[in-house]
Amino acid sequence: MMTTIVEKERTTESPVRVKEHAKSVYSTNQLNLWYGSNHALKNIDLDIKEHEVTAIIGPSGCGKSTYIKTLNRMVELVPSVKTSGEILYRDRNIFDSNYSVEELRTRVGMVFQKPNPFPKSIYDNVAYGPRIHGIRNKKILNEIVEKSLRGAAIWDEVKDRLHENAYGVSGGQQQRICIARALAIEPDVILMDEPTSALDPISTLKIEELVQELKKDYSIIIVTHNMQQAARISDKTAFFLNGEVVEFDHTDTIFSNPSDKRTEDYISGRFG
Amino acid sequence: MKYIEQDLVIQRMSGRKILNLIFKVLFLFATSLALLALAILLFRIVTQGAGHLSIDFIQNFASRFPEKAGIKAALVGSLWLMAVVAPTSIILGVGSAIYLEEYAKKNKVTTFIQVNISNLAGVPSVVFGLLGLTIFVRALALGNSILAAGFTMSLLILPVIIVASQEAIRSVPAELRDASYGMGATKWQTIVRIILPAAIPGILTGSILALSRAIGETAPLIVIGVPVIIQFLPSGVMDTFTALPMQIYDWSSRPQQEFQQVAAAGIIVLMAFLLFMNSIAVFIRNKFHKRY
Ligand SMILES: Nc1ncnc2c1ncn2[C@@H]1O[C@H](COP(=O)(O)OP(=O)(O)OP(=O)(O)O)[C@@H](O)[C@H]1O
Ligand SMILES: [Mg+2]
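Note that the protein sequences, when read in sequence, are chains A and B. Numbers given in my numbering equal positions in the first sequence, counted from 1, plus 6. Numbers given in my numbering equal positions in the second sequence, counted from 1, plus 8.
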């Protein structure tokens, strides 16, 4: 039911808006990544454009999470990780030795698979990012918190309980608080790793609608296991298999007319 | 083909239930035995010592005469000792735990250090007394001062505090760290704002339990040479002092029957001291819990 509504909305607002002239946010060139001796990403080349939703699909263990965690260098928290190749973010190689990861992560927000609010109030959760970046002024913080919660379409649900613990709300609301928390650092890109896989269908729908809203202001890269979700919300889709990018194209092309047999098999549910 | 036959399950049910009951009774018995022993101990000490307990007992210095003997010097001495042990051991212990959990690379050296810390927790307290005697009393020439005894006690309980704090830090979910790092927080910001607040209840519980052990320990104090008969209060950390367990030990080893009652009264004071410390721990823990 819900699915059809979303798909209808989507088709009415001209889905295939080809924006090849749009600027790149991320260009990945010949990226390789190893966990110890496990070669998890192989010769990845991907070009991600501004103000688009890029979906990453593929079977379990193919390297989707590894790839998006590489985009904000969170993957380096695993001690055995080694990389080669380059990832240009706004034309600068994020692997440059003088590139500060803190700075990169301020420009690139991340939303995780499981809602992970801090055990603090809703307000303190959203204000966390601005505070660590040095904003103390109460008035400014209040404005950022409200703007971010509105941006994550959760303001009306929590505005009367901003100072209650964030664990006291539902999983779907927690996830939107986490999105608000990511918006509060005013990022340029938002990375989402299966943000709806722990949520019920209604919360999922809300987050999908939110992603459509957010792409006006942000570039979004989203990992999903749900083919329909990728088809519904993304502009481009990358299909990963065994650490390689098999195919990367407009979502409609990938789903209606894939050029690689393996992509076709995967989206038609023959493996994965 | 079914693997589980319902008839057999029902047939065996009563046997399983009886076994269940037997173990329930057995465990209940074990618990009651422990509680009973504790009750007898408490009863004996209270009946023996209550008679001697009075304002004078708290306000008097030690004496050769049991009716005049008081615990003032020991009580104040123990407070001074805690004033040295608590900050020293908690700062060093939590610091080491943070280093080992958050900063140290996981390699053979850290594993070696880790194993040794755990082993140190099992070393008898006399050995720490000898260490204190060699290093603090003699080499650093601190004498049998509060500082020397405090440092020795800190070393004694340090392993326990480190291990408890590590455990508390480790139990902070990785997702919280990820969320913090993912927003561009530095390691230090993540430790101070996310990890420590979440770990503090565990750290405090471990620390207070360790401090309680330090209050009751006698052996290291004897080895260091802490005196018993003291007729003045210390005015600084370099002064000599005596502590509650020393005083109690001394009283209980005297031949006169009356001194046994004085010792019992001393034990009551020591237990009140411990109870007081534990309630502070509970209070702080609840306060922190409310904030998050
Ligand atoms: N922390 C880690 N240490 C070692 N190997 C890892 C680690 N994380 C992932 N890997 C390995 O890297 C490969 C890719 O894993 P990744 O988590 O990126 O897959 P994924 O596509 O996100 O899978 P899923 O759909 O199940 O989330 C797998 O072979 C996995 O075993
Ligand atoms: Mg994954």
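Certain hints may be false.
To be verified - Listed next, the in silico DSSO-like pairs over lysine-lysine satisfying Cα-Cα at most 30 Å (straight line):
no., chain 1, residue 1, chain 2, residue 2
1, A, Lys88, A, Lys55
2, B, Lys295, A, Lys88
3, B, Lys113, A, Lys88
4, A, Lys48, B, Lys113
5, B, Lys114, A, Lys165
6, A, Lys88, B, Lys114
7, A, Lys120, B, Lys114
8, B, Lys113, A, Lys153
In case anyone wonders, no lab produced these hints; they're calculated from the structure.
Could you work out which earlier hints the structure fails to respect and list their numbers in ascending sequence?
Hint check: 2, 5 and 8 fail, others pass.
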